[in-house]
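Peer 1: Letter by letter, the chains look like this.
Number of protein chains: 4
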Amino acid sequence: MRNNYNQIAGQRTTRIETICDGVFAIAMTLLVLDIKVPIANKMGSEKELTKIFLTLVPKLLSYFLSFITLGIYWAAHSTQFHFIEKSNRHLNWINLFFLLFVSIIPFTTAFLSEYITFKFAIFIYWLNIILLGLILSLHWSYANKNHFISLSENENAQVTKAINRRVLESSLLYTLGALLSFINPYLSILVLIFIQLNYALALLPIFWKRKKTK
Amino acid sequence: MRNNYNQIAGQRTTRIETICDGVFAIAMTLLVLDIKVPIANKMGSEKELTKIFLTLVPKLLSYFLSFITLGIYWAAHSTQFHFIEKSNRHLNWINLFFLLFVSIIPFTTAFLSEYITFKFAIFIYWLNIILLGLILSLHWSYANKNHFISLSENENAQVTKAINRRVLESSLLYTLGALLSFINPYLSILVLIFIQLNYALALLPIFWKRKKTK
Amino acid sequence: MRNNYNQIAGQRTTRIETICDGVFAIAMTLLVLDIKVPIANKMGSEKELTKIFLTLVPKLLSYFLSFITLGIYWAAHSTQFHFIEKSNRHLNWINLFFLLFVSIIPFTTAFLSEYITFKFAIFIYWLNIILLGLILSLHWSYANKNHFISLSENENAQVTKAINRRVLESSLLYTLGALLSFINPYLSILVLIFIQLNYALALLPIFWKRKKTK
Amino acid sequence: MRNNYNQIAGQRTTRIETICDGVFAIAMTLLVLDIKVPIANKMGSEKELTKIFLTLVPKLLSYFLSFITLGIYWAAHSTQFHFIEKSNRHLNWINLFFLLFVSIIPFTTAFLSEYITFKFAIFIYWLNIILLGLILSLHWSYANKNHFISLSENENAQVTKAINRRVLESSLLYTLGALLSFINPYLSILVLIFIQLNYALALLPIFWKRKKTK
Numbered sequence: 036m037r038n039n040y041n042q043i044a045g046q047r048t049t050r051i052e053t054i055c056d057g058v059f060a061i062a063m064t065l066l067v068l069d070i071k072v073p074i075a076n077k078m079g080s081e082k083e084l085t086k087i088f089l090t091l092v093p094k095l096l097s098y099f100l101s102f103i104t105l106g107i108y109w110a111a112h113s114t115q116f117h118f119i120e121k122s123n124r125h126l127n128w129i130n131l132f133f134l135l136f137v138s139i140i141p142f143t144t145a146f147l148s149e150y151i152t153f154k155f156a157i158f159i160y161w162l163n164i165i166l167l168g169l170i171l172s173l174h175w176s177y178a179n180k181n182h183f184i185s186l187s188e189n190e191n192a193q194v195t196k197a198i199n200r201r202v203l204e205s206s207l208l209y210t211l212g213a214l215l216s217f218i219n220p221y222l223s224i225l226v227l228i229f230i231q232l233n234y235a236l237a238l239l240p241i242f243w244k245r246k247k248t249k
Numbered sequence: 036m037r038n039n040y041n042q043i044a045g046q047r048t049t050r051i052e053t054i055c056d057g058v059f060a061i062a063m064t065l066l067v068l069d070i071k072v073p074i075a076n077k078m079g080s081e082k083e084l085t086k087i088f089l090t091l092v093p094k095l096l097s098y099f100l101s102f103i104t105l106g107i108y109w110a111a112h113s114t115q116f117h118f119i120e121k122s123n124r125h126l127n128w129i130n131l132f133f134l135l136f137v138s139i140i141p142f143t144t145a146f147l148s149e150y151i152t153f154k155f156a157i158f159i160y161w162l163n164i165i166l167l168g169l170i171l172s173l174h175w176s177y178a179n180k181n182h183f184i185s186l187s188e189n190e191n192a193q194v195t196k197a198i199n200r201r202v203l204e205s206s207l208l209y210t211l212g213a214l215l216s217f218i219n220p221y222l223s224i225l226v227l228i229f230i231q232l233n234y235a236l237a238l239l240p241i242f243w244k245r246k247k248t249k
Numbered sequence: 036m037r038n039n040y041n042q043i044a045g046q047r048t049t050r051i052e053t054i055c056d057g058v059f060a061i062a063m064t065l066l067v068l069d070i071k072v073p074i075a076n077k078m079g080s081e082k083e084l085t086k087i088f089l090t091l092v093p094k095l096l097s098y099f100l101s102f103i104t105l106g107i108y109w110a111a112h113s114t115q116f117h118f119i120e121k122s123n124r125h126l127n128w129i130n131l132f133f134l135l136f137v138s139i140i141p142f143t144t145a146f147l148s149e150y151i152t153f154k155f156a157i158f159i160y161w162l163n164i165i166l167l168g169l170i171l172s173l174h175w176s177y178a179n180k181n182h183f184i185s186l187s188e189n190e191n192a193q194v195t196k197a198i199n200r201r202v203l204e205s206s207l208l209y210t211l212g213a214l215l216s217f218i219n220p221y222l223s224i225l226v227l228i229f230i231q232l233n234y235a236l237a238l239l240p241i242f243w244k245r246k247k248t249k
Numbered sequence: 036m037r038n039n040y041n042q043i044a045g046q047r048t049t050r051i052e053t054i055c056d057g058v059f060a061i062a063m064t065l066l067v068l069d070i071k072v073p074i075a076n077k078m079g080s081e082k083e084l085t086k087i088f089l090t091l092v093p094k095l096l097s098y099f100l101s102f103i104t105l106g107i108y109w110a111a112h113s114t115q116f117h118f119i120e121k122s123n124r125h126l127n128w129i130n131l132f133f134l135l136f137v138s139i140i141p142f143t144t145a146f147l148s149e150y151i152t153f154k155f156a157i158f159i160y161w162l163n164i165i166l167l168g169l170i171l172s173l174h175w176s177y178a179n180k181n182h183f184i185s186l187s188e189n190e191n192a193q194v195t196k197a198i199n200r201r202v203l204e205s206s207l208l209y210t211l212g213a214l215l216s217f218i219n220p221y222l223s224i225l226v227l228i229f230i231q232l233n234y235a236l237a238l239l240p241i242f243w244k245r246k247k248t249k
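Residue numbers (my numbering), protein chains in the order written: chain A, 36 to 249; chain B, 36 to 249; chain C, 36 to 249; chain D, 36 to 249.
These aren't lab readings, by the way, just hints derived from the structure by calculation.
Hints may be right or wrong, so weigh each one.
Remember, identical chains collapse to one label, so a pair may be satisfied in a single copy or spanning two.
Said to hold, decoys possible - Each computed DMTMM-like pair below joins lysine to aspartate or glutamate, with the alpha-carbon atoms no more than 25 Å apart:
{"#": "1", "residue 1": "Lys-154", "residue 2": "Glu-204"}
{"#": "2", "residue 1": "Lys-71", "residue 2": "Glu-188"}
{"#": "3", "residue 1": "Lys-154", "residue 2": "Glu-81"}
{"#": "4", "residue 1": "Lys-71", "residue 2": "Glu-81"}
{"#": "5", "residue 1": "Lys-121", "residue 2": "Glu-149"}
{"#": "6", "residue 1": "Lys-154", "residue 2": "Glu-83"}
{"#": "7", "residue 1": "Lys-196", "residue 2": "Glu-83"}
{"#": "8", "residue 1": "Lys-154", "residue 2": "Glu-120"}
{"#": "9", "residue 1": "Lys-82", "residue 2": "Glu-204"}
{"#": "10", "residue 1": "Lys-82", "residue 2": "Glu-188"}
{"#": "11", "residue 1": "Lys-94", "residue 2": "Glu-83"}
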């Protein structure tokens with residue numbers, strides 16, 4: 036009786052998905068807000084303008100990295116909800132905590148690009164990414180335990196395995212990449228970016244890879 | 036005849052829900068906009084960077100508190116619309132006034148964290164939260180009176196009771212917490228935060244609590 | 036043949052409605068971004084803090100006015116789409132131009148509150164509102180001409196009459212209110228705000244008014 | 036087996052469309068954030084206020100141009116998804132890269148309006164627009180190759196031809212416009228704006244043009 040309210044709360048998935056897309060959309064454009072057109076009093080030549088533009092490149096790269104990271108987690112979140120058809124109060128809150136760490140990504144990314152040679156900045160960035168992975172993993176296993184997933188038992192086992200392997204694999208890779216900062220911070224960053232691009236750019240082999248499943 | 040326009044207006048619930056999710060998503064990320072990467076001209080050691088990062092902690096906590104508060108009201112709003120299937124012009128406006136006080140939460144939260152020892156800051160924060168509860172309560176009772184709710188009479192009575200109890204209970208708790216500021220402002224804040232977390236972290240007992248309803 | 040592309044473009048209404056809700060949600064929170072917590076170095080008493088808070092009141096009022104104005108046009112837009120079930124390329128662009136003038140409302144409102152005694156500021160605000168009304172009117176008549184509306188001929192005539200009367204009536208009222216600025220700017224503003232509230236607060240008589248239509 | 040995760044990811048189109056609308060909505064209002072009400076200490080006459088307002092005109096025009104550009108690509112994106120009914124991981128990422136260049140439009144537009152006489156600024160703007168066209172073209176052809184499109188073969192051929200012709204035609208026009216900057220930058224800008232308006236204002240002949248398709 037006491038938990039009556041908690042039992043009626045948060046049973047739909049549409050609202051979760053809409054607010055997630057909203058937060059992701061804002062987070063994706065947050066670093067753009069920082070890229071201001073430089074105002075120069077006197078501007079003589081095309082060369083000078085090009086030079087001024089190049090000073091923006093670090094911010095553009097930071098924006099690019101943040102966007103890719105967010106894209107990876109948006110895609111992962113979207114994939115889970117392809118199969119989740121019900122929800123409850125707790126699942127709502129797991130999603131909200133996920134969003135909490137999503138909306139902080141532009142900050143941790145900008146922090147990393149500002150202090151690229153510091154282990155502490157790499158640590159904060161790594162922590163953010165690892166937490167997102169953990170929450171997504173918890174999210175799926177909670178949905179699974181509560182029978183919110185619209186899959187046959189057999190399919191479910193396969194999808195669950197694929198999702199868990201992905202989280203485990205990527206967490207290990209990110210941790211390895213972060214640990215490289217004890218050898219060389221630049222190497223660490225390069226490996227981290229390479230891992231990100233790898234997850235995004237399964238895009239590259241689009242046209243020559245045959246699809247094997249239906 | 037005169038009210039012809041008012042009678043045709045605002046009959047769907049989808050638009051209300053979409054704009055609510057939009058406003059919530061923005062409000063949830065508003066305080067993130069304030070967390071800027073600190074720029075230091077010279078940065079010698081990891082220790083210094085860690086110190087600089089720690090100066091951001093109050094802003095991060097303020098962001099966290101604001102996010103939790105917004106999450107609580109987003110979940111409450113979402114829960115009501117699980118059962119509301121029709122709408123009219125007035126219900127739209129009740130929602131808009133709800134959103135008005137939602138979008139101001141990041142401000143009242145930041146105001147509270149800046150002036151944490153002042154009764155006036157606690158009062159403003161308390162007022163904001165109480166108004167949100169009252170509007171949600173009005174929202175449900177208005178929807179109920181106009182038969183916008185898709186529940187059998189019996190279920191409706193139960194849900195209505197649960198919603199009203201929740202609003203009353205939380206309003207009393209918040210008021211009690213706010214009144215503690217006459218004894219000690221820090222105690223008051225602590226109790227307020229504890230109440231918030233309690234409503235969010237019905238999350239904690241996720242895995243050991245058996246679900247009693249279907 | 037030449038217009039082939041234009042003929043396949045923009046046939047759904049869902050995307051229009053989603054982007055509209057997005058732009059409205061952002062516009063509604065735009066002025067909140069301006070309300071910063073005042074930072075005071077020394078803060079002695081509750082009285083001082085209250086005083087400082089009161090300096091924010093003009094910004095809060097400006098935010099409130101902007102919100103109400105946006106709410107009125109969001110509700111009007113939502114109402115039209117309750118009946119519009121198809122779309123084409125042109126209707127998409129009418130909506131985009133509508134959004135152009137929606138997103139500028141926070142600016143014209145803030146401009147008005149900053150220069151409240153100036154006819155020019157009242158004129159800009161009035162122009163913004165009148166243009167929104169005109170575009171909404173064009174929107175409905177265009178949708179009507181192209182048979183995008185899901186109503187019987189009889190119902191359509193009634194709804195069209197109600198929509199047109201509302202646009203005409205409100206445009207006249209706003210114009211009258213704006214013209215009062217030649218007598219006294221404060222009177223003009225007061226009347227404008229009163230007209231806004233009147234359209235929003237058909238809310239007030241919620242509980243004592245019997246609904247006459249089904 | 037290895038690609039198991041990639042094969043289950045991103046199969047729905049709703050999430051893509053929602054996040055796209057979110058990013059577009061934010062990008063559309065981004066330049067509005069830059070238009071601040073000018074604060075004047077002493078303000079004597081209506082004339083002075085009008086003068087001050089006129090200093091905002093370049094920003095308003097920049098906002099207008101950015102909005103139109105975004106509107107064109109939003110409409111094009113929306114049109115493609117009218118026919119695309121399935122998706123996969125890769126299509127999600129093509130969309131994300133599309134959004135990356137969408138969210139940067141307010142910046143490239145503002146950059147252009149600040150440095151309107153510079154070939155470099157025109158080049159950056161042109162590059163942004165061309166990339167958006169190319170990605171949209173890739174988007175359609177990828178969706179087509181993977182049979183994500185809900186059209187009969189015959190209809191598909193027609194729509195594909197229309198989409199490709201539109202991308203090719205507009206890319207050529209924009210390139211021509213940009214090349215004019217070697218003769219005269221103002222001429223180049225004027226032609227670019229004219230091309231934009233032409234794509235938006237197929238709006239103009241609304242009322243006198245008969246629709247030829249059903």
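Peer 1: All hints, please: hold or fail.
Peer 2: Hint check:
no., hint, verdict
1, Lys-154 x Glu-204, "within (22 Å within a copy, 47 Å between copies)"
2, Lys-71 x Glu-188, "neither (52 Å within a copy, 47 Å between copies)"
3, Lys-154 x Glu-81, "between (39 Å within a copy, 7 Å between copies)"
4, Lys-71 x Glu-81, "within (19 Å within a copy, 30 Å between copies)"
5, Lys-121 x Glu-149, "neither (42 Å within a copy, 40 Å between copies)"
6, Lys-154 x Glu-83, "between (35 Å within a copy, 12 Å between copies)"
7, Lys-196 x Glu-83, "neither (55 Å within a copy, 43 Å between copies)"
8, Lys-154 x Glu-120, "neither (41 Å within a copy, 46 Å between copies)"
9, Lys-82 x Glu-204, "neither (46 Å within a copy, 31 Å between copies)"
10, Lys-82 x Glu-188, "neither (64 Å within a copy, 51 Å between copies)"
11, Lys-94 x Glu-83, "both (19 Å within a copy, 23 Å between copies)"
Comparing the model with each earlier hint shows violations of hints 2, 5, 7, 8, 9 and 10; every other hint is respected.
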